[in-house]
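Asker: Below are the chains, spelled out letter by letter.
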Amino acid sequence: MAITDDVLVIGGGLAGITAALSAAEYDTQVRLISYKQSTLRHASGLIDVLGYTPDGQGPLANPFDTLEELPVGHPYERVGTDAVRDALLFFDAVTDDAYAGGHTDANALVPTSSGAVKPTARYPAGVESGLASDPRDTLLVGFERLPEFNAPLAAAHLEATGVPFDVRGVTLDFPGIRRDDAKVIRYAHILDHDERVDIGRGETVARPVLAALVSDHLDGESRVGFPPVLGDDNHDVVRRDLEERLGVDVFEVPSGPPSLPGLRLEDLLYDALEEAGVRVTTGVEVVDYDSSNGHIDHAVVDRTGQRVPYQADEYVLATGGLVGKGIDSERERVFEPLFDCHVEHAGDRYEWFDGDAFGDHPFARYGVSVDAELRPQKADGTVEFENLRAAGSVLGGYDFAAEKSGSGVSLATGFIAGVRAGEVGQ
Amino acid sequence: MAYDTTVLVIGGGSTGCGIARDLAMRGVEVTLLERGNLTHGTTGRMHGLLHSGGRYAVSDQASARECIDENIILRDIAGHCVEMTGGLFVQRPEDPDDYFQQKLSGCKECDIPARVLSGGEAREIEPHLAKDVKRAIEVPDGAVDPFRLCVANAIDAERHGARIETHAEVIDLLRDGDDIYGVTVRHDSGPGKRTHKTPGSTEDITAEYVVNASGAWAGQIGDMADLEVAVRPSKGVMTIMNVRQVDTVINRCRPKGDADIIVPHETTAILGTTDEEVSDPDDYPEAQWEVDMMIDTLSELVPILQDARTIRSFWGVRPLYEPPGTGTEDPTDITRDFFLLDHAERDGVTGMTSIVGGKLTTYRLMAEQIADHVCAQLGHQASCATADEPLPGSENLEALETAMDDFGLRSPVARRSKQRLGSRSQEVLDTNEPNPVICNCESVTRAEIRDAIEQSGSDLNAVRIRTRASMGNCQGGFCTHLIANELVDEYDEPTARAAYDELLQERWKGQRHALWGEQLSQAMLSYALHATTFNADGDTARSGQAIDFAAFDSGQSDSSGGTTGRATTDGGTQRTDQGGDR
Amino acid sequence: MSDAAHTPDDGVSSDDEFDPIQVFPESTEMDLRPGADDCYKCSTCDTNCPVAEVDDDFPGPKFQGPEQWRLKRTEDHDIDDSILKCSNCMRCDNACPSEVPLSQMHNTARGAYVDEQMNKLSREYWRNRLLSNYRIMAHLGSKVPRLTNFVMGLGVTRAFNEKVLGITSEREFPDFATETFREWWHNRGGAAASRDRAQAARTSRGIDGDEPKRIAYFHGCYSNYNTPEVGKALVRVYEHFGYEVLVPKQRCSGTPMYANGMLQDAKRAADTNVPELAAAIDEGADIIASCTSCSMSLRQEYPELFDIEDVERVSNNTWEGLEFLRVHEDLESELQGTTADVPELAYHAPCHARNQGLDGQAIEVLSVIDGVDVEDVGDSCSGISGTYGWKEENYDTSMKIGEDMFQHMEGASGETGMTECPTCSMQMEHGTGYEIRHPLEILEVALLEGPEAA
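Residue numbers (full-length UniProt numbering), protein chains in the order written: chain F, 1 to 426; chain W, 1 to 582; chain X, 1 to 454.
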């Protein structure tokens, strides 16, 4: 017996989850199957839509001014500007007050852990008070044993970008951390649970100690930025508690990987999947499929040795790009490993990249190309399978790193792929 | 005439640093000039083999004997730079038996300890050898870290009073008639330790005697004084594997050929190499076929290499030389011996000697011979002590072994740190400050990074060659910014930013030859981290572009008086869930 | 392969069980450095590690796995002692987006550590061997279950365990059943009786002409000695679908032994299990386990760690109890219209079930049954990880890890727990006081006891 649903989404990242959620809006049984954990956990948790044009103009104050002008084949061009708006509204509804930025079309400039600012369309609520267009003076706090965020350096860098406020950085010892290689989830756990800590002056609890340490360094600033370790499950509580104790706004400076904001977003979205009745299967890989006449009959899942058929009417391929392994490569070729969908690329591997680390890298744009229904196309432009759609970074035709468009493309294409699959599958 | 320095050495490779140390230890005032970082030329671009002499046991027995002698000396004086891995000359079924016999008897003739192993015995030592290897000769090959070796020589030279200038390119030789009396040098930033954004300068340095130890570039230096030094630079590729597939040096036992050696080097294995004469040591093609050949040909010996991950390839240029009139056509046939060219004898121009040819394993011997020669010219009476005096870091290594102090580090981190720092471990690692690992691939802690910064300024490539930070599988993707962060106590933000940019680009350069499979995924992840998460490519601090901050979203609740970005028609509700006083 | 001839003995008679451990070549020969090729340092594994979250003495799976392996030279033998802090939950395997064999690296490093660096005379070593060889204790204990249960429950015994053995006194030892599963099986008539029942079921289902359907049950230690009702449920459910059940001779699956670095003990058990199970496969049976750690071990760790003939074949033919039925029978139709009068259930998916893609399964299958109301209590780890949480030094960490699950269980409306894993169920019971059921027991109620049942 095949395990049977109406829609089968393959891939558990932002695109796959969005596709599953939007398909589940229809009267369909949706299953999401995710082999390994998604690259959401690498990401900073920001929802970039478009920060720069494909030829590097930017930062764009309003991504919607430029969306219409993107070249043919760009995922946004495929789905259209309205789809981007719809997908963002959908995201706003799903994330509710955990995310902000939906009040305006304008991009926000978010300070990153390096001190540069980055244009983004949606940001976690806990990032909001740190926006670079907000002119309040700022204190950044880093921790001795977390070398990822050097607060004094980031502060100096921020000033060099011309931000409209004064900013300083201090480095403190995080209460309760004993080892130099403690993981960020350890930091978050201490704050989440307000653990008892020993700071050499008897035992006390973590949040008040942290607040007291920071308080000593406040010099009139009305907001304080931390590396993104302010709790996991109880992030809101932790942040508000610190705000109350410090009497100033508290925000996180996105970083990663590893990235707690990415992790929190993943948790939130998986909760939404459960609520939407999407069946989720994790830890096993779709390794093969069976098709006839350009129609996928079922996918084959390897369950630690057993090959189990998973059947659905509609399939969504959201397996990720080169990082998520939805696109793979060998010395001679770049390919999509599951359905072997066509991936356009240069034959000579020395033409896959540019000589500058931030040059115009063809590899960053490798992926499957799709029609307006997001169905992967063969080299000749015909569709690979009538009931397969692709979404997210498995798509080609855009460089999310340069454009700052990764999350937006995943949302928009995931949303449309889910809607189309849901329409057919219901 | 009063000279600025007694002896001026051009070239900060192993030979130049070895000469500087030798002369300084003999009490001669010496200045060393290197146009890049130490090891920038050929020394930093080799496979790191400490020869037993086995490779020359058939073709060049004089070199073979020198190698085994120096091999034994270096184990002693440079223990923290050397790993005695042992080596195998492995014969495949298709490789000639008579050559195997010649190799074996050649080793015996040169006093190189050698014994024959069956294929099975060889595979017991190296389980990843191909199942059909026929037999092998075991010899005392080893691995040497050329960076550490070179830096230790330079440090010791400085301790004995030498002046070491890196990023100092010789742009002219000062010649008065038939006498060379110094050089004109261009300091990239400095003089002194390199600090980014420090303006450069030019300086004339006069010297009683000049030693041209610039290897493959010796011809270019000679040209500056119209002296012909006919080096024949020959390029060779080295491909770095992500892990050590072997812990023993693996040589292919056949007469000659490309792609015939695998050297375990620190955490990696290095595949080598090709041998092609080039006209300009700074400009030659780095070709795909060379990388493919390393993998495909050496997979015949070690099959798992075929699908293993390579993290980088680089090319080095051998400073080959043969006396005028020899006329060897194939560069693989040119002798690996070294030559001391006294331009007074050879060209009638006094004040300078060039040293050309040779190999890293015999660097100390070359340095000793040229130091003897220089002292004779100067009339300076002193004998060489470099064969007996351990290098800094290699003193009393036994004491380090027995001390068992892990300095509060996890044991593999402590082990690797101590292998790199040798007897300097205590001095560097014994700290009361938090000491997190900065480079996780190679286990390099903050204390070691800061020690390297102290030695070499803001130049993170100099930090890299001292510590191996950023030389692991992520090729700096996850640590370039962290290393740059460590500059903050001593340097300002623009300096740290420039240093980060430079290291990131340097790391990218060599990775280009490894961009497929896992390393392409790694490259995409690193690119995404630095461009997407940090926005280093769109950074206006770098571009100088002015941003109209007011045109961007300043937050919904915006109680601060800042300007808000344009609102959409759908508005959005005012959120009331923000705590704290505003 | 018929086990009717066997006594209900469970094979614990052999006296090699506690032979001094030999320095085994497998651990030192196994070179997992090439596995580090797949790591691109994203740290996803670290953010999934339940131990690193509550204890910063544990440096996380990335360091203990690919990083430590990559730093290794052949002559290096020192493995960081923090490897003993890893609880072997294997969540890192599931996390890694790049297929690094993390748990294999941890298991191998732990084996090498125990072999080469751990003092064989230490209390810790012997306590770990005792815990990982639970089956031996259970075997002895179940000879006189009531007495053992009484003695193990005594405060003085628990104090002794903690003081002398380092086994936490906070936990109560699970009760031994008065009749083990194998005793029940034997008394019931063994495979012969099962063959008859299966035949009868096939006849009544109208599938008489088909090939006889056969499975071999790998019950593991816990359902044999402590919860035979799970094993009985499995037998009855499978017979209901017309499967003849075999119960091969078997030893521990090895899971607790890997977790304690006792790879030689695990190998010894595998040397019995693999040929016995392979023989059952030869007779047309698939291997079915009711414990998800047992199925995990046979499927994944066996081929990763042991070079035994047929080990791959056993791995490729092993299934979890519900999973097999779901794929080979029309389970959903069979359950349509069935009713089970069971309390509301708070379900915890064991980490090892997640690794096999089984995390959503129990809820998907059981929610078809009328009267079954199951709520998932989230994806956190229970924290006990087999023997880990039994150790005095790990007890607090174990309870800290479990805190999330306890909270979610308290928050769920049901006051009965459900899980596939025996040690998770101990932790669930310990943290909440709830009674804990196995999904097969619910299935049994629906198919065999509900009003619709035949």
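Worth flagging that the hints you see were computed from the coordinates, not collected in a lab. The reader is advised that the hints may include incorrect statements.
Claimed, not checked - Simulated restraints, written as ranges between beta carbons of each label pair: (1) PRO208/F to ASP81/X: 31 to 37 Å; (2) ASP297/F to LEU140/X: 18 to 24 Å; (3) GLY355/F to ALA62/W: 57 to 63 Å; (4) GLY359/F to SER201/W: 31 to 37 Å; (5) GLU398/W to ARG178/F: 31 to 37 Å; (6) THR4/F to GLN199/X: 40 to 46 Å; (7) ASP373/X to PRO208/F: 39 to 45 Å; (8) ALA98/F to GLU99/X: 49 to 55 Å; (9) ASP81/X to GLY355/F: 44 to 50 Å; (10) ASP81/X to ASP302/F: 32 to 38 Å.
Stated by the list, open to error - Per the computed footprint, the stretches of chain F lying under chain X, defined by three or more beta-carbons under 8 Å from a beta-carbon of chain X, are: (11) 86-99; (12) 172-182; (13) 251-265; (14) 329-342; (15) 377-386.
What the hints assert, rightly or not - Below, in silico cross-link-like pairs of lysine to any residue (SDA-like), each with a Cα-Cα straight-line distance of 25 Å or less: (16) LYS85/X to LYS193/W; (17) LYS134/W to GLU183/X; (18) LYS400/X to ASP198/F; (19) LYS213/X to PRO309/F; (20) LYS400/X to ASP173/F; (21) LYS325/F to LYS193/W; (22) LYS400/X to MET1/F; (23) LYS213/X to MET1/F; (24) LYS400/X to GLU195/F; (25) LYS213/X to VAL308/F; (26) LYS267/X to ASP173/F; (27) LYS325/F to ILE304/W; (28) LYS193/W to ASP405/W; (29) LYS400/X to ASN234/F; (30) LYS85/X to SER411/W; (31) LYS85/X to MET1/F.
Every residue, glycine too, gets a C-beta built ideally from N, C-alpha and C.
Asker: Hints first: check each against the structure and report whether it holds.
Answerer: Each hint, compared with the structure:
1. Taking the beta carbon of each, PRO208/F and ASP81/X are about 34 Å apart, inside 31 to 37 Å as hinted.
2. At roughly 54 Å, the beta carbons of ASP297/F and LEU140/X sit outside the given window of 18 to 24 Å.
3. A beta carbon spacing of about 43 Å between GLY355/F and ALA62/W contradicts the range 57 to 63 Å that was offered as a hint.
4. The supplied range of 31 to 37 Å is met by GLY359/F and SER201/W, whose beta-carbon atoms lie about 32 Å from each other.
5. Take GLU398/W and ARG178/F: their Cβ atoms lie about 33 Å apart, and the range 31 to 37 Å holds.
6. With their beta carbons about 30 Å apart, THR4/F and GLN199/X fall outside the hinted range of 40 to 46 Å.
7. The supplied range of 39 to 45 Å is met by ASP373/X and PRO208/F, whose beta-carbon atoms lie about 42 Å from each other.
8. Restraint check, ALA98/F to GLU99/X: a C-beta distance of roughly 31 Å breaks the suggested window 49 to 55 Å.
9. Checked against the hint of 44 to 50 Å, the C-beta distance between ASP81/X and GLY355/F comes to roughly 46 Å, which is consistent with it.
10. Between ASP81/X and ASP302/F the C-beta distance comes to about 36 Å, which sits within the given range of 32 to 38 Å.
11. For the segment 86-99 of chain F, the assignment as covered by chain X is violated, since 0 residues bring a beta-carbon within under 8 Å of that chain's beta-carbons and 3 are needed.
12. Closer than 8 Å: that is the beta-carbon criterion, and the segment 172-182 of chain F has 5 residues meeting it against chain X, so the requirement of 3 holds.
13. Coverage of a stretch by a chain is defined here by at least three residues with a beta carbon nearer than 8 Å to that chain's beta carbons; for the segment 251-265 of chain F and chain X the count is 4, and the condition holds.
14. Three residues within the 8 Å Cβ limit are the bar, and the segment 329-342 of chain F against chain X gives 0, so the coverage statement is violated.
15. Only when three residues or more bring their CB closer than 8 Å to a CB of chain X does the claim for the segment 377-386 of chain F stand; here the count is 0, and the claim is violated.
16. Of the supplied pair hints, the one linking LYS85/X and LYS193/W is violated, its CA atoms being roughly 45 Å apart against a limit of 25 Å.
17. Between LYS134/W and GLU183/X the alpha-carbon distance is near 58 Å, which puts this suggested pair outside the 25 Å criterion.
18. At most 25 Å may separate the alpha-carbon atoms for a hinted pair to count; LYS400/X and ASP198/F meet this at roughly 18 Å.
19. Only pairs whose Cα atoms come within 25 Å are accepted, and LYS213/X paired with PRO309/F is accepted, the gap being roughly 21 Å.
20. A distance of roughly 24 Å separates the Cα atoms of LYS400/X and ASP173/F; the hinted pair therefore holds under the 25 Å criterion.
21. Distance restraint check for LYS325/F and LYS193/W: the Cα-Cα separation of roughly 44 Å exceeds the 25 Å cut-off, and the hinted pair is therefore not satisfied.
22. Proposed proximity of LYS400/X and MET1/F is contradicted: the alpha carbons are some 41 Å apart, above 25 Å.
23. Straight-line distance between C-alpha atoms of LYS213/X and MET1/F comes to about 16 Å, which keeps the hinted pair within the 25 Å bound.
24. For the hint pairing LYS400/X with GLU195/F, the CA-to-CA distance comes to about 11 Å; that is within 25 Å, so the pair holds.
25. At most 25 Å may separate the alpha-carbon atoms for a hinted pair to count; LYS213/X and VAL308/F meet this at roughly 19 Å.
26. Simply put, LYS267/X and ASP173/F have alpha-carbon atoms about 46 Å apart, too far for the 25 Å limit, and the pair is violated.
27. Between LYS325/F and ILE304/W the alpha-carbon distance is near 22 Å, which keeps this suggested pair within the 25 Å criterion.
28. Restraint check for LYS193/W and ASP405/W: the C-alpha separation of about 32 Å exceeds 25 Å, so the hint is violated.
29. For the suggested pair LYS400/X and ASN234/F, the alpha carbons sit about 16 Å apart, so the restraint of at most 25 Å is met.
30. For the hint linking LYS85/X to SER411/W, the alpha-carbon distance of about 15 Å falls within 25 Å, and the restraint holds.
31. With a CA separation close to 42 Å, the supplied pair LYS85/X and MET1/F exceeds the 25 Å bound.
Consistency with the previously given hints fails for numbers 2, 3, 6, 8, 11, 14, 15, 16, 17, 21, 22, 26, 28, 31, ordered from lowest to highest.
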